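Asks: Given chain A, put chains H and G in place with the hints provided.
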Amino acid sequence: MTRTWQAAPSVGHPLTRVEGLDKVTGRARYAADIPLPGLVYGWVVPATIPRGRVLGLDVAATLAMPGVLAVLHQHNAPRLTDAGDATLLLFQDDRVAHRGDPVALVIADTPERAREAAERTAVDYLPEPHDAAFRADHPRLYEPDHVNPRLPTVTDKGDVEAALAGAAVVVDHEYRTPPQHNNPMEPHSGTAVWADGRLTVYDSTQHAYGMARTLTKLFGFDPGVVRVVSEHVGGGFGAKGLTRPDAVLAVMAATLVGRPVRVTMTRPQLFPLTGYRTPTAQRIRLGADRDGRLVAVEHRASSQTSRLLEFTEQSASYSRVMYAADNLRTSHRVVALDVPTPRWMRAPGEAPGSFALESAMDELAEACGVDPVELRLRNDATTEPATGEPFSSRRLAECLREGARRFGWADRDPRPAARRDGRWWRGTGMAGAHYPARAGPTVAHATAFPDGGYVVRVGAADIGTGARTVLTQLAADALEVPVGVVRLEIGDSDFGRAQVAGGSMGTASWSWPVVTACRDLAHRLASGERLPPEGLTSTYDSTEALRALGAFARYAFGAHFAEVAVDAATGEVRVPRLTGVYAVGRVVNPLTARSQLIGGMTMGLSCALLEESIMDARFGDFVNHNLADYHVATNADVGELDVAFVDDPDDELNPSGVKGLGEIGIVGVPAAIANAVWHATGVRQRELPIGPARTITSGQ
Amino acid sequence: MVRNAMPGPELSSTVRLMLNGAPQELTVDNRTTLLDLLRDRLDHTGTKKGCDHGQCGACTVLVDGRRANSCLLLAVAVDGREVTTVEGLEDDEPHPMQAAFLAHDAFQCGYCTPGQICSAIGMLDELAEGWPSAVTTGPVHPDDAEIRERMSGNLCRCAAYPNIVAAIREVAGA
Amino acid sequence: MREFAYARARDVDAAVSLVADNPGARYLGGGTNLVDLMKLGIERPELLVDVTGLPLDEVTEDGDLLRIGALVRNSDLAAHPLVRDRYPVLSQAVLNGASGQLRNVATTGGNLVQRTRCGYFTDPTKPCNKRMPGSGCPAIEGEHHNLAILGASDHCVATHPSDLAVALAALDARIDVQDLAGPHELPLEDLYRPVGDRPDLELTIRDGALITGVALPPLPPDARTTYRKVRERASYAFAIAAVAAVLVVRDGLVSDVRIALGAVASHPWRARIAERELRGGPATAAAFEAAAIAELDAARPLRDNAYKVPLVRDLVVAVLTELAR
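Residue numbers (the working numbering), protein chains in the order written: chain A, 1 to 700; chain H, 1 to 174; chain G, 1 to 325.
One should not assume that every hint holds.
Some, not all, of what chain A presents toward chain H, calculated at C-beta under 8 angstroms [claimed, not checked]: (1) 26; (2) 154; (3) 155; (4) 158; (5) 184; (6) 186; (7) 595; (8) 632.
Partial pick of chain H residues on the chain A-facing surface, computed with a CB cut under 10 angstroms [said to hold, decoys possible]: (9) 23; (10) 25; (11) 47; (12) 52; (13) 87; (14) 95; (15) 102; (16) 110; (17) 117; (18) 127; (19) 147; (20) 148; (21) 155.
Hints in this document: simulated from the structure, not taken from any laboratory.
As the structure is a prediction and not an experimental result, all values here were calculated from the model.
Backbone N, C-alpha and C fix where the C-beta goes; we use that ideal spot for every residue, glycine too.
Chain A on its own, in the form it takes in the complex (with noise of 0.2 angstroms):
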């Protein structure tokens, strides 16, 4: 065999998309693009009341419409186990938790046929008395035992109560974000097909391997038994992190039907039946000296969850980390309603926590007369504030300080509504950001050919992130091999345990194993050890490795800066501008990397202006459940964006020293933008999101 040995690493250079020509050209197949023989198409039911009861079901009118094969519902469905999910236990009893649950699945030969035979299938039902409406004060909140992701519900240090009623300068305010949703623009797709006798399963799922294991508890599956694939996703953004119902119907209704039966939801199913980012309403006590450093921080969080489970938001946990108070003081609340069920979305807890914190720092920077750069450059902190943990690297000044010089925040004028530009009010606004830097365990296999090719396989997900890109550099180069002969395999549950592609941990988690797998192989070739004709694998499960991980506090940090244009007569809200400045650990590949902050950064943005989940609590249901009405940044929203990254080493995180960027670009944005907004026009925005409808109720 021969080996090309390269000298120049491939971690750092801007290579494009391995897999790119594939999507360009449009022969990337997604997970409802799997051509397959027999193929069927089934339709969701969605119940058209908030709470109550399933009392009957014409299935035999349904069963009469012309193409269809049969209908799945709560007397013929398979049973399930329960795997920790209650909205997969789909069809198991008469009970509708909110509008929109699926009450039956009609399965018929052409998609047409199920749409019209699903929509004209009638339903008997019992409502019940119902409540759908979050509100700050609801009698119902409470303190769930921990919150998203396991992660305490209170933190207090200090005694906050004293050090706030000595504190020369009090912010105390209450910020709110509405319902988001994710929206990928690839809905949600589950095609399961029974082949002798293993089930494969093409979804649009974030994490194939958690959707195997999954769909093998809730069936009680022999181990083995279930295949997942998800080779190309079409963005996820945390809807498609854990199992939704797309799968679970597809495999019930391929098992009755014992064809290949595929479930494509529609937009307006993927509002109740895939999750949202909860509503919150936050309050925030700062208390500082004259000179705005803080002696207090109290930061309350609420929000809402459905009745099948209790997700609480971590909203407040932002507030764990950021600036240093001697007392400090976190808690959430949540409240279960008769609403669809809220899940992750980019940056769960830090997005919304940020715009609360960072907004009320900027009202502290106001109250004290300090510049709001510098505010935060006073609060830094050098242990974690909650816990006192050392952070394993902290480079939030850096970051804070080279946003100021890339932006040029230093001749700002302070003074708000100071700025008339014919049309425009002009304003600027900044934030900080950070967001934990995780990994989970993960195995990975490399293979040497003797064309001197190499496959590794990991059960990663690219949801566009560029993980197959960044993955197959840092396996070339721990290989030293050009990154032309190593071909990744992902998006596979039979590659084995790993992490989901969410949570900004799925690169640190993938390359853990991939980098260490790749090593050993090099090192197991280079040793003259026999290259066999199918090829020699080196495997590695990082399981143990991550246990051995020393105690330190992880997390990346950035910085937001924003320039703002405010219509003076229609309250229109343009941002020309928006600067990111990121400590986030090694950088293996500058151009996905850039673009996965600039995403991020439009997200926020979007958030700030656009975004908002219409809850009409008298059908518990989001009335806006399309894309016309829903609204995201589209091109013409977005200005000037400027991503940079300070130095970040950081020895204590995994072997490629990565954090991971797919959150951190939105948190803090919303808060930037509505602070530049204040600059802009003299008026806070303390709501979300900042469209005319606030803009001119506010007076600007």
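Replies: Chains H and G in isolation, oriented as in the chain A frame:
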């Protein structure tokens, strides 16, 4: 057993179209959209379904050279037309717009990308025709403001917008 | 979507004879709204009569009128040299609507008769007086932040989503229609019925009548026109307020003014009160504001759309001030 997959004669139609230069003829349920015809009947799955209601642009194709949302076109209504999808842009090598999208990292998950690319190609033809846009104040040029406005019918939730603009600008300037 | 038969119309007479007197039949133009509504189950036609092959796709001069065929696509209308030259407000309005893809397909006639995007109308699982007369209007107590402040009733607060129609209202456009009785014409403003207690009855023309074209009378040579749309997203979104305006100022006085408002009522809202206040008076910001306030005196905002009153007021002032400059 599955009944005949085609509805009665008055409820289905024979459609002939040129798809990426190749003639196609097939009988369709009148309800079938061009998007579903491409994806479910002709295995042209490059064209994506993001919303199915003309609200996202992921299904954009070129019909007689003009960009259109294939989800809102009934297949029966495009009888006799020429349809170009993302699969029909390559001519031995990728179309310059495809190459520019790759080089500028003008996508992340890639799901909206076929629609973005078809839209961009149609859009540059519209610019060349001198069509105005909502931001046009004088003669039209493919500057950033024009590209952003004209590409706003294609949502990208990953938000590769600045890179999309850069890719199109490069092709427009070539 | 229910199954339907499909036919292509040979000529206008044949089209009208197929659709008139057949409540299950609909004309198919660009289909950008009709197919959308069929997928939602709001429209359930038994027969679609495709009119896109009819020769109604040209913009022509007819004496001092400009005639726009009902099947002229939005893109072609906005780009047409005569439209851009004589009626820039119309070109701008069209270009502010929808997206490039949709404008390539959507037709002039179809745009005028598109349905409201009120979220209760577009969801067949909810009550709606427009869709199901007598079922109630959940919007009044529910989500209505972008619904009507003018001309609504206790039965419906929907808005008309068109940009094009707002410009046509300001241009005193006339609509050509054909039904079984033959061709006739009417002012655009008369095409839409007041909401009253029957919001399901939207148009004054007979069921099955076909809009065949639009005629625009000439503007004074010194008229200035513009269209300004406010929306939440910077593009590809329906208006939360829009103004189409035509202004002629001579010697500092308003000699002619026409103002149409979008996104405030069930149809393009011609601001006749404001126009009357302004005509013959000074072309000043103070006069514009007084006129806008007079027009909005009739506004009856709901809980969450009261912001539209100052928004429309300030928008009208900004637009007229710009035109008078």
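Asks: Could you run down the list of hints and mark each one as holding or not?
Replies: Hint check:
1. For residue 26 of chain A, the interface hint holds, since its Cβ comes within 8 angstroms of a Cβ in chain H; the closest pair sits about 2 angstroms apart.
2. The restraint placing residue 154 of chain A at the interface with chain H is violated, with a minimum CB-CB distance near 35 angstroms, outside the 8 angstroms limit.
3. For residue 155 of chain A, the shortest C-beta to C-beta distance to chain H is roughly 34 angstroms, which exceeds 8 angstroms, and the interface hint is violated.
4. Hint on residue 158 of chain A is violated. Least Cβ distance to chain H is approximately 41 angstroms, over the 8 angstroms limit.
5. Using the Cβ-Cβ criterion of 8 angstroms, the hint placing residue 184 of chain A at the interface with chain H is satisfied: the shortest such distance is roughly 6 angstroms.
6. Interface restraint check: residue 186 of chain A against chain H, minimum CB-CB distance 4 angstroms, threshold 8 angstroms, status holds.
7. Of the supplied interface hints, the one on residue 595 of chain A holds, with its beta-carbon coming within about 5 angstroms of a beta-carbon of chain H, less than 8 angstroms.
8. Given hint, residue 632 of chain A at the interface with chain H, holds; its Cβ is 6 angstroms from that chain's nearest Cβ, closer than 8 angstroms.
9. The restraint placing residue 23 of chain H at the interface with chain A is violated, with a minimum CB-CB distance near 20 angstroms, outside the 10 angstroms limit.
10. With 10 angstroms as the threshold, the beta carbon of residue 25 of chain H stays out of range of chain A, its nearest partner Cβ sitting at about 19 angstroms, so the hint is violated.
11. Against a cut-off of 10 angstroms between C-beta atoms, the interface hint on residue 47 of chain H holds, since the closest Cβ of chain A lies about 7 angstroms away.
12. The closest approach between the C-beta of residue 52 of chain H and any C-beta of chain A is roughly 6 angstroms, which is under the 10 angstroms cut-off, so the hint is satisfied.
13. The interface hint given for residue 87 of chain H is met, as the beta carbon of that residue sits about 5 angstroms from the closest beta carbon of chain A, less than 10 angstroms.
14. For residue 95 of chain H, the interface hint holds, since its Cβ comes within 10 angstroms of a Cβ in chain A; the closest pair sits about 9 angstroms apart.
15. Hint status for residue 102 of chain H: holds, given a least beta-carbon distance of 4 angstroms to chain A, under 10 angstroms.
16. Given hint, residue 110 of chain H at the interface with chain A, holds; its Cβ is 3 angstroms from that chain's nearest Cβ, closer than 10 angstroms.
17. Given the 10 angstroms rule on beta carbons, the hint for residue 117 of chain H holds: about 6 angstroms separates it from the nearest Cβ of chain A.
18. Violation of the interface hint for residue 127 of chain H is found here, the shortest Cβ-Cβ separation to chain A being roughly 15 angstroms, above the 10 angstroms cut-off.
19. A hinted interface residue such as residue 147 of chain H counts as satisfied when its beta carbon comes closer than 10 angstroms to some beta carbon of chain A; here the least separation is about 8 angstroms, so the hint holds.
20. The beta carbon of residue 148 of chain H comes within 4 angstroms of a beta carbon in chain A, closer than 10 angstroms, and the hint placing it at the interface holds.
21. Interface restraint check for residue 155 of chain H: the shortest CB-CB distance to chain A comes to about 6 angstroms, inside 10 angstroms, so the restraint holds.
The structure fails hints 2, 3, 4, 9, 10 and 18 (numbered hints given earlier, in ascending order).
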